[in-house]
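Q: Which chain is which? The protein sequence lines are A and B, in order.
Mapped onto this note's numbering, the consecutive letters of the first sequence carry residue numbers 26 to 412.
Mapped onto this note's numbering, the consecutive letters of the second sequence carry residue numbers 26 to 412.
Keep in mind the hints are simulated off the structure, nothing from the lab.
No copy labels: a pair is met if it fits in one copy or bridges any two.
List time: in silico BS3-like cross-link candidates among lysine-lysine, alpha-carbon distance up to 30 Å: (1) Lys146 - Lys49; (2) Lys56 - Lys190; (3) Lys190 - Lys49; (4) Lys181 - Lys146; (5) Lys68 - Lys49.
Protein chains: 2
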Amino acid sequence: MLNFDFHNPTHIAFGQGRIADLAKLVPATAKVLILVGGASAEKTGTLAEVRAALGDRQHATFNGIEPNPSFETSMRAVVQIREGGFDFLLAVGGGSVIDAVKFIAAAVNFEGSDPWAILEKGGRNITGALPFGTVLTLPATGSEMNNGGVITHRAKGAKLAFGSKHTYPVFSVLDPTKTYTLPTQQLANGVVDAFVHTVEQYLTYPVNAPVQDRFAEGILQTLIEIGPRLLAAPEPVYDDRANLMWAATMALNGLIGAGVPQDWATHMIGHELTALHGIDHARTLAIVLPALLNERRVPKRDKLLQYGERVWGITTGTHDERITAAIERTRDFFESMGIRTRLSGYGLGADAVDTVVAQLEAHGMVKLGEQREITPAVSRRILEAAL
Amino acid sequence: MLNFDFHNPTHIAFGQGRIADLAKLVPATAKVLILVGGASAEKTGTLAEVRAALGDRQHATFNGIEPNPSFETSMRAVVQIREGGFDFLLAVGGGSVIDAVKFIAAAVNFEGSDPWAILEKGGRNITGALPFGTVLTLPATGSEMNNGGVITHRAKGAKLAFGSKHTYPVFSVLDPTKTYTLPTQQLANGVVDAFVHTVEQYLTYPVNAPVQDRFAEGILQTLIEIGPRLLAAPEPVYDDRANLMWAATMALNGLIGAGVPQDWATHMIGHELTALHGIDHARTLAIVLPALLNERRVPKRDKLLQYGERVWGITTGTHDERITAAIERTRDFFESMGIRTRLSGYGLGADAVDTVVAQLEAHGMVKLGEQREITPAVSRRILEAAL
Numbered sequence: 026m027l028n029f030d031f032h033n034p035t036h037i038a039f040g041q042g043r044i045a046d047l048a049k050l051v052p053a054t055a056k057v058l059i060l061v062g063g064a065s066a067e068k069t070g071t072l073a074e075v076r077a078a079l080g081d082r083q084h085a086t087f088n089g090i091e092p093n094p095s096f097e098t099s100m101r102a103v104v105q106i107r108e109g110g111f112d113f114l115l116a117v118g119g120g121s122v123i124d125a126v127k128f129i130a131a132a133v134n135f136e137g138s139d140p141w142a143i144l145e146k147g148g149r150n151i152t153g154a155l156p157f158g159t160v161l162t163l164p165a166t167g168s169e170m171n172n173g174g175v176i177t178h179r180a181k182g183a184k185l186a187f188g189s190k191h192t193y194p195v196f197s198v199l200d201p202t203k204t205y206t207l208p209t210q211q212l213a214n215g216v217v218d219a220f221v222h223t224v225e226q227y228l229t230y231p232v233n234a235p236v237q238d239r240f241a242e243g244i245l246q247t248l249i250e251i252g253p254r255l256l257a258a259p260e261p262v263y264d265d266r267a268n269l270m271w272a273a274t275m276a277l278n279g280l281i282g283a284g285v286p287q288d289w290a291t292h293m294i295g296h297e298l299t300a301l302h303g304i305d306h307a308r309t310l311a312i313v314l315p316a317l318l319n320e321r322r323v324p325k326r327d328k329l330l331q332y333g334e335r336v337w338g339i340t341t342g343t344h345d346e347r348i349t350a351a352i353e354r355t356r357d358f359f360e361s362m363g364i365r366t367r368l369s370g371y372g373l374g375a376d377a378v379d380t381v382v383a384q385l386e387a388h389g390m391v392k393l394g395e396q397r398e399i400t401p402a403v404s405r406r407i408l409e410a411a412l
Numbered sequence: 026m027l028n029f030d031f032h033n034p035t036h037i038a039f040g041q042g043r044i045a046d047l048a049k050l051v052p053a054t055a056k057v058l059i060l061v062g063g064a065s066a067e068k069t070g071t072l073a074e075v076r077a078a079l080g081d082r083q084h085a086t087f088n089g090i091e092p093n094p095s096f097e098t099s100m101r102a103v104v105q106i107r108e109g110g111f112d113f114l115l116a117v118g119g120g121s122v123i124d125a126v127k128f129i130a131a132a133v134n135f136e137g138s139d140p141w142a143i144l145e146k147g148g149r150n151i152t153g154a155l156p157f158g159t160v161l162t163l164p165a166t167g168s169e170m171n172n173g174g175v176i177t178h179r180a181k182g183a184k185l186a187f188g189s190k191h192t193y194p195v196f197s198v199l200d201p202t203k204t205y206t207l208p209t210q211q212l213a214n215g216v217v218d219a220f221v222h223t224v225e226q227y228l229t230y231p232v233n234a235p236v237q238d239r240f241a242e243g244i245l246q247t248l249i250e251i252g253p254r255l256l257a258a259p260e261p262v263y264d265d266r267a268n269l270m271w272a273a274t275m276a277l278n279g280l281i282g283a284g285v286p287q288d289w290a291t292h293m294i295g296h297e298l299t300a301l302h303g304i305d306h307a308r309t310l311a312i313v314l315p316a317l318l319n320e321r322r323v324p325k326r327d328k329l330l331q332y333g334e335r336v337w338g339i340t341t342g343t344h345d346e347r348i349t350a351a352i353e354r355t356r357d358f359f360e361s362m363g364i365r366t367r368l369s370g371y372g373l374g375a376d377a378v379d380t381v382v383a384q385l386e387a388h389g390m391v392k393l394g395e396q397r398e399i400t401p402a403v404s405r406r407i408l409e410a411a412l
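Work out the full structure, taking the sequences as your base and the hints as a guide.
A: If you want it as structure tokens, here you go:
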């Protein structure tokens with residue numbers, strides 16, 4: 026096992042009806058800015074529940090944080106917070122809203138001239154942030170229990186990640202019934218996003234960390250079990266929603282990645298596909314991952330065999346055959362969730378590869394993966410295999 | 026899944042050489058009281074490492090916290106802290122030292138006339154505590170990453186548990202090499218203690234919580250894998266020590282118990298055995314658990330079958346046969362760790378049963394277990410089956 030630090034101070038309030046707990050979770054004297062995406066939080070009644078729980082506290086709402094949240098929109102929220110003197114932020118939504126609120130919380134008091142520098146430094150220059158909580162409505166990214174975010178600069182066409190010890194939510198309310206109104210496509214995205222988060226911290230090389238391995242395998246097995254049920258159910262089933270929510274949170278709260286190597290190349294390549302072509306984050310991961318695992322089958326050999334055996338029950342055949350089968354089962358699982366796993370499925374051809382590789386180079390993404398061996402040339406091979 | 030809160034703010038600094046990090050982890054201006062058990066922390070050089078890392082900070086040492094730490098000893102430390110004006114505590118040792126430091130940290134500023142009231146109220150009357158960190162030298166109890174402790178009142182012959190949101194360690198340093206000097210018996214105790222902690226939160230009844238189930242199973246599988254290796258190794262093996270340490274921490278930091286029923290009857294009965302007869306904590310658990318699982322085989326049926334299949338690979342036979350086999354494999358595992366699983370192995374006979382049952386009644390332990398069905402009469406049957 027590798028040396029590690031694990032420190033996750035976010036308070037999780039999990040279960041049906043927990044939005045009412047905002048009455049205790051938000052400081053009594055806070056002046057609260059609620060931040061949301063589109064109209065759905067209002068339409069579904071979630072915002073009314075939130076406002077009721079806030080009681081007498083002063084509050085206002087900032088509406089309009091988009092999927093793949095932008096620097097530009099975030100900075101509009103920063104202006105509203107400064108002008109309105111808000112001292113507590115409440116993200117109501119999915120990973121995009123929560124990521125944006127983390128950035129906004131850090132940008133409000135940022136001392137540099139341009140808060141884009143936070144992204145350029147990956148958050149290492151964050152020295153403080155407004156306190157914030159979240160009410161999760163879309164299980165997928167794990168942002169509700171970690172300190173990281175990804176922000177897109179529309180004008181620059183750049184999508185960059187950041188994190189800081191100052192950007193953990195103080196609390197996150199996880200009420201599985203808040204997912205009942207999600208379209209099927211977003212549920213499928215959530216399953217695949219959580220799956221790939223887990224794989225990024227698991228399918229690397231062995232360091233003799235059996236607890237972490239089995240936790241990761243347990244999350245993957247759970248997602249494989251509940252994914253198809255979530256899509257097929259004519260009405261939402263509480264436990265399946267609850268288990269998706271908790272699996273997605275556990276997939277990216279630092280726990281399964283503690284003490285083990287981490288990859289993240291699939292995410293870095295995927296971010297460029299989203300920034301350039303607007304493909305849903307989870308779908309970019311489903312495109313890149315199978316091709317990446319195949320390209321990296323030799324350095325990832327031992328863990329691919331373990332993954333095949335423990336997660337998919339693949340115990341026969343040569344090692345090569347078993348690895349091929351494990352990768353194909355992964356691809357089939359994504360496809361069974363209604364998510365296409367090739368660039369051609371999104372109308373992209375060979376010419377798209379050049380621009381993605383050029384952007385990776387422009388953003389310094391030239392030594393990706395747990396071995397730092399995924400150079401632009403390797404990324405190119407991965408993308409070509411994903412055509 | 027049941028509704029739950031999960032909030033664990035302890036910072037874990039894990040790995041070889043991490044004691045040096047005390048230089049950053051302990052506040053620079055702190056006046057530190059280091060608390061230890063016997064002479065081993067001094068003899069092994071761990072205390073010298075700790076003192077070196079504390080650098081210029083004022084510090085003193087309180088020596089003599091015993092296994093099954095006592096109220097009486099703890100109160101002597103409270104006096105030293107008040108008189109010396111210490112404002113940060115550092116536990117160096119295993120679960121006993123850490124449990125004691127939690128109680129001491131809460132007792133220093135306790136407003137009532139007698140801090141024993143903290144135990145009588147299970148910690149619900151704690152309103153604040155001195156900040157404290159830990160340096161773990163004996164992986165077993167999980168106390169390094171939770172807010173609970175157990176304190177024995179020697180004069181009263183009572184062993185009671187407490188917990189509070191104020192009694193989480195600020196940090197815990199987990200350096201697996203600090204276990205290298207442990208006697209075999211303590212390693213075996215650690216494996217069994219962590220195993221039973223996991224079982225108490227897993228072998229109850231199903232609530233459709235597959236992530237929690239698989240995390241628990243992953244910890245059990247890991248302990249089964251490394252336990253015999255730990256005992257057989259002629260020299261300490263870093264990874265096995267590291268994995269025991271992390272498994273024991275994860276077994277009782279609140280995570281696998283979040284959203285699921287919990288039993289803890291084995292612990293409550295075991296505590297009386299320790300208080301009356303001085304049997305090591307883990308050994309009392311090894312005595313009680315197999316008998317309890319057999320007594321409760323009907324209400325625990327579904328989870329016992331799942332446990333048998335996933336943890337021990339038992340897939341054939343009638344349900345009753347499979348459950349019997351799962352319980353026997355559990356008993357055999359404890360015995361293979363050199364830990365006897367019957368009262369007779371510790372020189373106790375039928376007359377001991379009466380006094381244990383009487384103490385359970387005296388301490389209000391009359392409706393134990395996840396179903397609150399383990400009355401004194403049921404505890405008696407369990408103990409008689411453990412003779």
